[in-house]
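Q: Here are the chains, one letter per residue:
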Amino acid sequence: MAKIRGAVTVDNERCKGCELCVYTCDKQVLGMSTAVNSKGYHYAYMANPEACIGCTNCGIICPDGVISVYRVKVEE
Amino acid sequence: MEEREMRLMKGNEAIAEAAIRAGADAFYGYPITPQTEVMEYLMETDATARTGMAVLQAESEVSAINMVYGGASTGHRVMTSSSSPGISLMSEGISFIAGAELPCLLINVSRGGPGLGTIQPSQADYFQTVKGGGHGDYKLLTLAPSSVQELADFISLGFDLAFKYRNPTMILADGALGQMMEKIYLPAPRPRMTEYPDWATNGTPEGKERRFITSLNLLPQEHELVNIRLQKKYREMEKNEVRYEMIQCDDAEYVIVAFGIIARIAQKSIELARAKGHKIGLFRPITLYPFPYDQIRALADENRVKGLMSVELSAGQMIEDIRLAVEGRKPVGFFGRLGGMVPTPEEIENALYEYFNIK
Amino acid sequence: MEVNDIIKPENLVYQKSRLMAEKQFNFCPGCGHGVVVRTIAEVIEEMGIEHDVIGISPVGCSVFLYDFYKFDVVEAAHGRACAVATGIKRVQPDKFVFTYQGDGDLAAIGTGETMHACNRGENIVIVFINNGIYGMTGGQMAPTTLEGMKTTTCPRGRDVKTMGYPLNITPLLAQLDGVCYVTRHSVHTPANVRKLKKALRQAFENQRDKKGTSIVEVVSNCNSGWGLTPKQANDWMVENMFKKYPLGDMKVDGKLVMDMNAPR
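Protein sequence lines, in the order shown, are assigned to chains U, A and E. Going by my numbering, the first residue of the first sequence is number 1, and it counts up by one from there. Going by my numbering, the first residue of the second sequence is number 1001, and it counts up by one from there. Going by my numbering, the first residue of the third sequence is number 2001, and it counts up by one from there.
Please keep in mind that the hints were generated in silico from the structure rather than gathered at the bench. Check before you lean on any hint, since a few could be wrong.
Derived coverage of chain E by chain U (criterion: at least 3 residues anywhere in the stretch with Cβ under 8 Å from a Cβ of chain U; other residues may be distant) [as the list claims (entries may be wrong)]:
#1 2006-2014
#2 2023-2029
#3 2032-2046
#4 2081-2087
#5 2189-2203
In silico BS3-like pairs for lysine-lysine, Cα to Cα no more than 25 Å straight-line [what the hints assert, rightly or not]:
#6 E:Lys2231 to U:Lys27
#7 E:Lys2016 to U:Lys73
#8 E:Lys2231 to U:Lys73
C-beta: ideal position from N, C-alpha, C; glycine also.
Same shape as in the complex, but just chain U (with noise of 0.2 Å):
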């Protein structure tokens, strides 16, 4: 059976720690970084990158447009 498995990247740089994506995710992918960007603000990432299932919700909902999603099925 297919499982579909899906990964997003962000851009650091780009990114302004609204957190409205890690609210935002069902599968509670995301997560802050302790670390900041250039500007000071901490920055998404995938803190549970397993549980990604490449929904896009997080990459409509940024208001930067820093995420991009990618999404594969996966043969188990």
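For this one, chain U is given, so just place chains A and E on it according to the hints.
A: Frame of chain U; chains A and E shown alone:
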């Protein structure tokens, strides 16, 4: 001399506090950087609760100036403040107020232009204020403060001059004055008006003839008379209301002419020049209209004076009036910064040396 | 499977539109403006009209709109966007023209221009961002500010007796004959963003079909002006803004579909 309350205040807030203390009846305005704090202060301090004055945020500057026109026609002390693009919007309304011979107080906290420009200070609204702006033959009695203290003091002075001549008074400030904080002595409060001028349309008492306010006259013979009456008023202003300050001009060989924030900076330039042994003075017009032509001409007449230099935050606007005053007697140089940039005292000092070849 | 195996170009399912320019948005973190700006670009890209579109930027937080897109944008003076749009559309009727305006631009200083462009039924799209505040100038009261809501020019809360009522302007505009489509959306959840995208698509198609004026209102947050975090601001918006400005269609294809008897 009574004790005046001393406070450290931002220019914009000082305008608002002074307006309340001047017994203003209404402020109609619209947010625009760098003067939005004027209205915010009036709201935050609840001016209406303090004196009963009306404070209203209009839906635009066009609307705001027309609210001022309405309030002014009732003979009350009404005012607005804005910044360059907003003043452009108000130009039609200002022309109407002048044409209808109504008093009001206008404040322009100038910013860099033209167009949307920048939010940093500028003096490039000089022409707009003193020479043009709205349509038709009218003048704005124009006060140019160069400190937060003057900004505050000019509020009630502005109202009084407006009522004296039935004409708008304009306080031409700039973004630096509006935003900077200085220690000031607040004007003592005076009450709001309880009696209004005869010409005001605020309801005709029993047995008196009704009044009306307009700037329209379709008969050119009559409208010429209106214009002649306006011109007489302006000649009176020119005779009675010229204000200026001279700093170290008694022995000066070169004179810097500057107003507003530039005059403050130029004072430092003069210090630096004097320390090097140069005899430099500063002439500061305080009224830009009526302009101190006679006083500048008198300086140019002095044998010891070798030249004058206008320093402005513009491409050179006041310099035209200085040249009119000097009438070719002595050379008139210029130094200016544009688009919101503000010079240092050294820049002005060096510009003077360079222009007049002073070693 | 490793994350690195998933992140491959052939697996890409979502990224921001290629019509977005390099310049970073000046909007505050979490502001709804960003989502709307990006969604408009997606619609234009998907419709293939990027060479035939002209946007008009207002004065307000989105004053630098022209920096964010890779298609033509014209700056308008505060409130005048609908008049500028009219001027452009009348000499270039085959281009897609849209305005992007805030609550001050459209419903305060621009009320006259907005009303009359709608009244003439200009074939344009008006995108209206309603966050009940003047963000760019530091958080002053807007025509759409709610009763009791605090801003810097109504620090004790909007007092309707002296300051007027919150202006629910889109239902008013919907009643003008020149207007064919009026709809209200939000961008606080992905589902709502998807609905907005459909609405924007419909609006641009109306323009293509010369059906008159389309107005797409987006009720949005202003976390800076409201003094809340982005998440708190969205929650507050749902609790309070949606009560006065409920989401949904008001006019579709020239026919009013809202309840004319409902309180506004």
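Q: All hints are to be evaluated individually against the structure, with a verdict given for each.
A: Evaluated hints:
1. 2006-2014: Satisfied; 7 residues make the cut.
2. 2023-2029: holds (count 5)
3. 2032-2046: It holds, with 5 qualifying residues against the three required.
4. 2081-2087: violated (count 0)
5. 2189-2203: Satisfied; 4 residues make the cut.
6. E:Lys2231 to U:Lys27: Roughly 18 Å between the alpha carbons, so the hint for lysine 2231 of chain E and lysine 27 of chain U holds.
7. E:Lys2016 to U:Lys73: holds (22 Å)
8. E:Lys2231 to U:Lys73: violated (32 Å)
In this structure, the earlier hints numbered 4, 8 are contradicted, and the remaining ones agree with it.
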